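J.: With the UniProt record's numbering, the residue at position 266 of the first sequence is 266, and numbering never jumps.
If you're looking for bench data, these hints aren't it; they were derived computationally from the structure. Note that this is a predicted model, so its numbers are computed, not measured. Don't be surprised by glycine CBs; every beta carbon is placed ideally from N, CA and C. Some hints could be false.
[To be verified] Result set (BS3-like, lysine-lysine): computed pairs, CA atoms no more than 30 Å apart in a straight line:
id	residue 1	residue 2
1	Lys213	Lys132
2	Lys394	Lys213
3	Lys322	Lys120
4	Lys291	Lys275
5	Lys384	Lys86
6	Lys459	Lys213
7	Lys20	Lys5
8	Lys395	Lys213
9	Lys275	Lys312
10	Lys160	Lys394
11	Lys199	Lys230
12	Lys394	Lys120
13	Lys312	Lys322
14	Lys322	Lys284
15	Lys160	Lys213
16	Lys132	Lys120
17	Lys168	Lys199
18	Lys198	Lys160
[Unchecked claim] Each pair of labels, with its calculated beta carbon distance range:
id	residue 1	residue 2	range
19	Lys198	Leu321	43 to 53 Å
20	Lys5	Val139	55 to 65 Å
21	Ser457	Lys132	47 to 57 Å
22	Asp359	Lys198	46 to 56 Å
23	Gln496	Val171	48 to 58 Å
24	Gln96	Ala24	28 to 38 Å
25	Pro228	Ser466	39 to 49 Å
26	His461	Arg556	27 to 37 Å
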Amino acid sequence: MLAAKLTTILNIHLTANQAKQTHACIIINGLNSLKPLLVRQILLSTRNSSRRISQYVHNILYHLPHPDSFSWGWAIRYFSQQGQFKEALYLYVQMQRQGSCPSTFAVSSALRAYARTTHKMGGMSIHAESYKYGFSNCVYVQTALVDLYSKLGDMNTAQKVFDELAEKNVVSWNSILSGHLKSGNLMEAQRVFDQISKKDVISWNSMISGYAKIGDMDRACALFQQMPEKNYSSWNALISGYINCGDMKSAWRFFDTMPARNSVSWITMITGYSKCGDVDSASKLFDQIAKKDLLTFNAMISCFAQNSQPRKALQLFGEMLKAYANIQPDQMTLASVVSACSQLGDMRFASWIESYVNDLGTDIDDQLATALLDLYAKCGSVDKACELFHGLNKKDVVAYSAMISGCGINGKVGDAIKLFDMMVDAQIHPNLATFTGLLTACNHAGLVEEGYRFFSSMKDHGLVPSIDHYAIMVDLLGRAGRLQDAYELIKSMPMQPHSGVWGALLLACSVHNNVELGEIAAEHCFALETNATAYYSLLANIYSSAGRWDDVRRLRKLWKENKLVKLSGCSWTEST
DNA sequence: CTAGGGTTAG
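Input sequences plus hints: build the corresponding full structure.
T.: Written as structure tokens, this is what we have:
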């Protein structure tokens, strides 16, 4: 009687609280057989995941003597779709420990989790199992396998599984298509694309963004025009293609003519402007957004953080918390906020963020961990940074670069160089930021030869040194007293040196008392910087230590005429 | 009763 009533209840939509009440009722009356339905209802009633729900579902499954494959399937599917891959895979393992036979639902969900985390061994073991359980004729499982190997970059195996598929559908085709696109085989991708008889929106969009990513905007645009039905993503793919080519004008033209925009359209444009350093345009665009959500806030906050406007980033974060109480920050938000804090050298936030993250119940992903690592390293806690670094699932360029520069700042040049070697061994390509950290480390320790070697090796990695790299090198050579070498390096620069470059030489000349080069450097500094007080005093020091008092007097006069006021020194660290 | 594919911020 009661069981029948509860069954009815469990078949209608329930809120989280109603589900809990029903759960209590089930426990009191010992109606274990209803728990599968309950699991389904709970997972259906929750839109966004949280640690609480996962704990709740865990508890139910844990207390069932023999959870059925139905409940396992629901739970694993749920976490896999929510992007909580660790949870999903943990449940999958639990299921096998209990001796339950996996369903095709559980298997395909688990495969999705392994594919998204690019976990080769895990995925391959499920592949083996799928033969054992006789799932090799299930199109869902096989397609998930095609996707797995595509994401792993193993196109041979992907193709093999794909060929074995008796009945391929669009999803299967799209999976193999995305594999070819990911491995950069545009020819093969185009061939596959042409073979798809029933192309859907995803087939078209994949192909468009494939061409857009390699900068072949003509082909991308042609396909875009050909496509029968476009959605937001079609437009967004084309727009981000133009942005990647640095063609903001065309990007804007398409953005402007879009019939309607979604959040991704807005953030694509905002981050486009952000990459060009055009914070004003990004900001203007952001103000136009009628419905601001987490995505758009994140894009704008990270725009500020990336363009050295940490205060504005933090300010916007504050506005978001205040005015949009219903928006919960995620790892992305926090990563930007942490990055802003580390730019300000503000340690107060680090511990606050940690407790905040714990309160929210979201786990720290690699991106957030990398941002925290950077913060700790910049604030002098190398050990803590190291701990975070080793805990990363995947160490990418950003992580290595942050760690290298962290070691450099804290006087661990040896470790910085070791990390760099490790990184190259791991086939991770260093970028400009990596070399900034590395050269700074060498500079810090006065390792001229090593620094010079790394600087020269940049071109071997396909990198063109930026003006800042030259500035570090000039500083490094200069401090070591190799003033002439530093001067030659400046003269060899392919771009116009800024005041930082000449300033570094001037400083070195002041340390090593070189009047001749000092004058040249100072002259350039005066020309480049309106507020040149510091440079005047440096040159004055050079003159006075050379005993050239006439020149000192001449300079003082010049200084007064320009009505320059000596600035008081200030720390780059935020004052508390 | 549920599953597999693309687009997106540091």
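J.: Going through the earlier hints one by one, which of them does the structure break, listed in rising order?
T.: 1, 3, 20 and 26
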